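K.L.:
Residue numbers (the numbering used here), protein chains in the order written: chain H, 172 to 501; chain Y, 7 to 434.
Wrong hints could be hidden among the right ones.
Said to hold, decoys possible - Listed next, with one range per pair, are the computed distances between beta-carbon atoms:
1. Y:A177 x H:R426: 14 to 24 Å
2. Y:A335 x H:L363: 48 to 58 Å
3. H:D336 x Y:R297: 22 to 32 Å
4. H:A281 x Y:E54: 47 to 57 Å
5. Y:D39 x H:F456: 22 to 32 Å
6. H:D336 x Y:S214: 46 to 56 Å
7. H:G240 x Y:E153: 33 to 43 Å
8. H:A398 x Y:S214: 52 to 62 Å
9. H:V471 x Y:M224: 51 to 61 Å
10. H:F456 x Y:S214: 29 to 39 Å
To be verified - Chain H residues, not near chain Y, derived (Cβ > 10 Å throughout):
11. A370
12. P439
13. T497
In case anyone wonders, no lab produced these hints; they're calculated from the structure.
Keep in mind it's a predicted model, so treat the numbers as computed, not measured.
The C-beta atom is built at its ideal place from N, Cα and C for all residues, glycine as well.
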Amino acid sequence: MAVMRYREALNQALREELTRDERVFLMGEDIGVFNGAYKVTAGLLDEFGEQRVRDTPISENTIVGMGVGAAMTGTRPVVELMTVNFSLLAMDQIVNHAAHIRYMFGGQVAVPLVVRMPQGAGHQLGPTHSHSFEALYLHVPGLLVAVPSTPADAKGLLKSAIRDDNPVIFIEHEYLYGQRGDVPDADDGDHLVPFGKAAVRREGSDVTLVGISRMALTASRAADVLAEQHDVSAEVIDPRTLRPLDLDTILASVRKTNRCVIVEEGWPHGGVGANLAALIQEQAFDWLDAPVGRVTGADVPMPYSKPLEQIAFPHEPQVVDAALATLRDV
Amino acid sequence: MPDVVMPRLSDSMEEGTILRWLVSSGDSVSRGDEIVEIETDKANMTYEADASGVFEIVASEGDTLPIGELIARIGDGAGTSDSGQAAEPAATAEPTAATEPAASAERATPAPSPSMPAVGERSAEPAPTGENGRVKASPIARRLARERGVDLAALTGSGPGGRIVKADVEAAPAEAPAAPATPHEVPGPVTAGERGGGKGETTVEELSRTQQTIARRMAESKATVPDFYVATEVDMAAAVAVREQLKALASDEHPAPSFNDFVVKAAALALREFPRANGAYKDGKFELYERVNVGVAVAAENALIVPTVFDADEKSLGEIALETRALAARVRAGQITPPEVSGGTFTVSNLGMFGVTEFTAIINGGQAGILTVGALRDVPVVVDGAVVPGRRMTLTLVSDHRILYGADAAQVLARIRALLESPLALAL
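Take the sequences, apply the hints, and build the full model.
P.N.:
Okay, structure coming up:
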């Protein structure tokens, strides 16, 4: 076990998988000579050479398309897109091809491709760099979607993603790159986090908080405030992957607490929380004491202005208020 | 208060006539009780209550009403329907009642639970009713209240907006002990938990697409076609003699026709003479087909396929023999293609090879009939007052009475028999 940053955990996952399996290789803008826009690929070009760590032009659809083709021929490419906003340029390759080729060809070919990208607000990068689009990718059958919130999960999920035969949208978070945490390293054996297994970050009895990506951390801090200032015991669940989704763990928690608030950074309409609220009311209606609550990003393009940006995505006070609203008049 | 409406008792039913009420207004009925006899376009049928409660007749005996028309009501025993509605707004006033199956199940108990307050008392309660008199309670609070026999209307909600939540129900004493929490189970010979319902372990097999299609089409045909059967015994002595000669002449390129091929050819010639046998009843009209295409039922693995001999009336016996062998081989090899199994205007089905002497079959959609062929049998027959050995085969014609009536079917069958009894006619 070692304490390291989220970006270092990702770097370690890539290094371990590049070493373990010669079919694994990396492509992306500035990932080689420049060590990556967020330094996730630092040192890998020197270690593994240009054949396996390839810098590409600014050409998102082509980067993903090359990854799809390479994956179909038996390699296991990991491509990096500089932000989730830029991944929209590659939507055709991601949705029409990566997600569907295995279906279209009756399982004759798989697309074991990982598309890594960071998302998230808070760095004054404006509406073209700061959004959260996990809901967009969750919408597409054929894609797996990972949203790790801790360094350990970042490492374990990325290693699992690379070994999975399905295309994986691997959504990192710009804010989380610098966060530290305990991460199993080589001494602890192969650290794999399975897809479809949620983490219960904190146990509680009064209300379930489901936090997506960075919002798992926000929900945990809100749970601290609820316990200290409001005598409310909140359970915090981090789904870690949205497809497959560990709905069983969430439903078990809701059956215990009878209340649920979903916290996400993305937009409210058609969001992860909207979908999850529908699933919860469909499958646990008779266990609810209150409507399923949602705390989401504001329904606006991300503002550039720092104060506006800060109130455009959730922080602890909004989560605390939403949790209390399921319990009493506030 | 559930309404009882004129049910749809058959696919083609549009209206029904109340023949006889089997219960009276004011009777208590339970779900599953027979309540009324209804005459449909096909049959007289009894109809059962799908809810429990006090019965109130709306339609009179002899009334003919369209599907969906109100014929009766089943109430909660509170008196008239109006007060019944006021008494149980939570269960019936909103579409969400459908998500509370336990509520209707609870009403299914023959005697009202003693823990339930008398109707009318509820509306006297001041507190936590929302609009329309609906008690504001969370889903889990409602479920717990049902299970424990707690009257929600007597509670004060501590949740947001005065909503009654789980904790409020848990804190409330049940008004009467030992109130039945779940509906009384009707004892039966087999309980739900018993393995396989007394049949041992049940293996569930998914249907193949072909099997799904067969299931759907057969059920459609049997449920909608008024079929009837006419049968005849055919003297096959002459046909046997002809076939012996053909067998002596046969080669791999020209196999001897089977008796089934004789039947296919004879049927095709008869169909040419009786256009309605080579047609179908469809949507109030007769459809008569130009070509005579005879389907030949072939058993395949887990399926029944009916490849088509097109223009069977114009083909020679030898051509039919070649073609049916090739089609059957393709069916068994799983190589048959959709065009080869469509376009049939009539069907011949033969189970004689299994020793079946006679049987009936289900008419294929878009056809007026199906001819079944039994085994060729050695039987004693009477000729000129003496018992002598004979060869007989039973043919059964199953017909759709909407297009082929009894005398028509008899004539078709008689013509087929005549052709088979003078088999050289098949060569003309």
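K.L.:
Would you mind marking each hint as holding or not holding in the structure?
P.N.:
A quick look at each hint next to the structure:
1. At roughly 20 Å, the beta carbons of A177 (chain Y) and R426 (chain H) sit within the given window of 14 to 24 Å.
2. For A335 (chain Y) paired with L363 (chain H), a C-beta distance near 54 Å keeps the hint of 48 to 58 Å intact.
3. Hint check: D336 (chain H) to R297 (chain Y), Cβ distance near 52 Å, so the stated range 22 to 32 Å is violated.
4. Between A281 (chain H) and E54 (chain Y) the C-beta distance comes to about 53 Å, which sits within the given range of 47 to 57 Å.
5. Between D39 (chain Y) and F456 (chain H) the CB atoms are about 31 Å apart, so this pair conforms to the stated range of 22 to 32 Å.
6. The given range of 46 to 56 Å is broken by D336 (chain H) and S214 (chain Y), whose C-beta atoms sit roughly 28 Å from each other.
7. Judged by the Cβ atoms, the range 33 to 43 Å given for G240 (chain H) and E153 (chain Y) is violated: they are separated by roughly 59 Å.
8. A beta carbon spacing of about 58 Å between A398 (chain H) and S214 (chain Y) agrees with the range 52 to 62 Å that was offered as a hint.
9. In this structure, V471 (chain H) and M224 (chain Y) meet the distance hint of 51 to 61 Å, their C-beta atoms being roughly 60 Å apart.
10. For the hinted restraint 29 to 39 Å between F456 (chain H) and S214 (chain Y), the CB-CB distance of approximately 37 Å keeps it satisfied.
11. Here A370 (chain H) stays apart from chain Y, with its beta-carbon at least about 26 Å from theirs, past the 10 Å limit.
12. With a closest Cβ-Cβ approach of about 20 Å to chain Y, P439 (chain H) is found to remain outside the 10 Å limit, as its non-interface label requires.
13. For T497 (chain H), the shortest C-beta to C-beta distance to chain Y comes to about 7 Å, within the 10 Å cut-off, and the non-interface label is violated.
Of the numbered hints listed earlier, those contradicted by the structure are 3, 6, 7 and 13.
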